[in-house]
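Colleague: Chains L and A supply the protein sequences, listed in that same order.
The first sequence maps to residues 1 to 453 in UniProt numbering.
The second sequence maps to residues 1 to 165 in UniProt numbering.
Since the hints were made in silico from the structure, they are not lab data.
All C-beta atoms in this analysis are idealised placements derived from N, C-alpha and C, irrespective of residue type, glycine included.
Accuracy of the hints is not assured; some may be wrong.
[To be verified] Simulated crosslink set (BS3-like; lysine-lysine; CA at most 25 Å straight-line):
1. Lys-111(A) - Lys-308(L)
2. Lys-111(A) - Lys-362(L)
3. Lys-61(L) - Lys-109(A)
4. Lys-369(L) - Lys-111(A)
5. Lys-51(A) - Lys-111(A)
6. Lys-22(A) - Lys-364(L)
7. Lys-67(L) - Lys-51(A)
8. Lys-338(L) - Lys-308(L)
9. Lys-369(L) - Lys-321(L)
10. Lys-22(A) - Lys-61(L)
11. Lys-22(A) - Lys-92(L)
12. Lys-61(L) - Lys-159(A)
[Claimed, not checked] From chain A, some residues computed to sit far from chain L (all C-beta separations above 12 Å):
13. Thr-39
14. Val-57
15. Asp-60
16. Ala-65
17. Cys-104
18. Leu-108
19. Ser-127
20. Pro-137
21. Leu-138
22. Asn-139
23. Glu-148
24. Lys-154
25. Arg-155
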Amino acid sequence: MDADFPDPTDWIQTPVPGLQALETSLRCQVCKELFTAPKVTSCGHTFCSLCIRRCLSASSKCPTCMKPDEEPRLRDNIVVSELVNSFDTIRKSLLETLVAKEEARKQAEEEAQRDASTRPKRSSYDLDDDGIMEDAEPVHRPRGKRRRQDTTASRQTQEIGPPRRSTRTSSQRINSRIGSSQTPVVVESDDDDDFQPIEEFSEDDDFRSSSRAKRKPTSRVPETPTKKPDLVPCPICSRLKEQSNIEVHVDRCIDGKRSPSPTLGRANDASSAGTPLKRQPISFPNVSKLQHRAPYTAEEREKLRLPKGNASLAKEADIRKKLREIGIKCDVKGKDTKQVLWTRLQEWTNLWNANLDSESPKTKPVLIKELEAYERSQLAQKPSVVQNKDFEREAWSNAHKPGFDALIANARKTATQKKEDGTEAEATDQPLDSMAGVQAELNGIGSPEAIEA
Amino acid sequence: MSVSTSTVAPAAGSSNTTNVTKRLQKELMQLMMSPSPGTSAFPDDPCNLLKWTATIVGPDDTYFAGKTFKLSFTFPGDYPLQPPTVLFTTPMFHPNVDMAGRICLDILKDKWSAVYNIQSILLSLQSLLGEPNNKSPLNGQAAQLWDEDPKEYKRLLEKRHQEAE
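The shape of chain L in the complex, shown without the other chains:
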């Protein structure tokens, strides 16, 4: 019900509470969000790419069944990815429709109740006729009646549902037409290939990438084939096409195989124009262009995938070098221990590999920022043992007060000593600086004004 905070429990209040279970299954059990780049483990459980990678780095077990598993054995869960995409597309409108329906029903019920209290009671039997639901008298309604009413409500919802969805679909289709440089006829028939497994195109990676890139933004369940019965498989790519369009498609298919550039160009157009890149709140194409790139092809993913490595075999210097090569900050003076550096590299590997699986991959600078934010959030919680109890902070500062006082006294002493020695202007400047620094720290003011003084 809350738009900024979608949750499976939203459906409880609707006439179709069963949708709660549906949405729960479409959510990752680790982050509780809708799956992002879903991956299936060797034991058959599905998680977000990043979630399962983090879990497996923490302990090499499936979080659900505790069976041992490893990252290289993860596979894409393509069907779930499509389910999530199509569900996410309709979720808002579906919820709105259902909530409106429920509210209307409640209102009708209230009115009926008001009417019933003023009017003499009717026998509950004559309520069983269809179509007089609004007159139903809810308080004394027999159990069967309620069920009947509910089914009526949901039937009505279903009647409302599909037309809405198809309006959406057609508008999306228009969008993809705009995003493409091809003739509308071809693109529309091309939209029908959603349900085809990608393996079909593995002979030609460029062609595959283009169909994948296009596939993702719109990616719907195969609803169109049922609408158009006269479909024939293309002899080249074996995708189902409209009979009337098959010749055009075959020509294009052959062209696409010979010179993939036109299709590739179209795919780039579509993705860089920021057409419905999935679940991405940024609506400005420029921003999304800066932060996101086109989805990686399978080949790129293979090539760019980072190995996990082995903590005991890796040398600190090597880890440092690797991090620096990537462009991740690490303390030069060796303040970060090997453990910290290793964890950082592991998290980077997780972020990077999960990003490869993403439908709207982020650019490297964005990823590095995310890594830093993640590490900060981890560190912020680390000293919780000390900060848990409020009284300890005060006790701590009280206990160490003599130490601080001694430091301040020392600083004052050196300052005055240097003043007495006072040979050069530089010499007097420096102690003043350090003094000011100490005082500024104590008072909580910045040092610049102190230096001026």
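Since the structure of chain L is provided, determine the placement of chain A on it from the hints.
Modeller: Showing chain A alone in chain L's frame:
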């Protein structure tokens, strides 16, 4: 529901523990909308979702029937990869709970999994009350009395529980 979301919303923006906070928000929503009987949980402070107070009611047919026990949950920054720290804040007399309220339960230690949540912990604790693991007790006296002297167990439990009031 709208109340809870509006109160917890600022936490997501102000803190950088977004992963944890987001997940805990979802759990809160789940707990509010479909609570399991005999358990409840809520954040201590709407701005800090990392600390919660929970209650469980002792299951029927156990020594703990009808008694309510409070617990504190502290979530680490890498929750749910790491389990929360769970303590009984109500004085407890149980084989697997020590006098400071610390709990010996495998799913809070090595058997923790990222798919567990507050609700599943509370349910596990509820069943732990009825079926303690007497083989690795934290409270030896309680473990011994549980098997040998139910009457004395009950007396000591009552005594401990009254300390709460």
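Colleague: Hint by hint, note whether the structure agrees.
Modeller: Status of each hint after checking the structure:
1. Lys-111(A) - Lys-308(L): holds, 24 Å
2. Lys-111(A) - Lys-362(L): violated, 34 Å
3. Lys-61(L) - Lys-109(A): OK: Lys-61(L) and Lys-109(A) at ~15 Å, within 25 Å.
4. Lys-369(L) - Lys-111(A): violated, 32 Å
5. Lys-51(A) - Lys-111(A): It holds: about 22 Å lies between the C-alpha atoms, which stays within 25 Å.
6. Lys-22(A) - Lys-364(L): Since the Cα atoms of Lys-22(A) and Lys-364(L) sit roughly 24 Å apart, the hinted pair holds (cutoff 25 Å).
7. Lys-67(L) - Lys-51(A): violated, 31 Å
8. Lys-338(L) - Lys-308(L): holds, 16 Å
9. Lys-369(L) - Lys-321(L): holds, 19 Å
10. Lys-22(A) - Lys-61(L): The hint holds at about 24 Å.
11. Lys-22(A) - Lys-92(L): holds, 20 Å
12. Lys-61(L) - Lys-159(A): Violated, at roughly 43 Å.
13. Thr-39: holds, 16 Å
14. Val-57: The claim holds: Val-57(A) sits with its nearest Cβ about 23 Å from chain L, beyond 12 Å.
15. Asp-60: Asp-60(A) is indeed farther than 12 Å from all Cβ atoms of chain L, at 27 Å.
16. Ala-65: Ala-65(A) is indeed farther than 12 Å from all Cβ atoms of chain L, at 30 Å.
17. Cys-104: Fine: 19 Å to the nearest Cβ keeps Cys-104(A) off the interface.
18. Leu-108: Check passes; 15 Å lies beyond 12 Å.
19. Ser-127: holds, 19 Å
20. Pro-137: Pro-137(A) is indeed farther than 12 Å from all Cβ atoms of chain L, at 25 Å.
21. Leu-138: Correct as stated: the minimum Cβ-Cβ distance to chain L is 20 Å, above 12 Å.
22. Asn-139: holds, 23 Å
23. Glu-148: holds, 35 Å
24. Lys-154: holds, 34 Å
25. Arg-155: Check passes; 33 Å lies beyond 12 Å.
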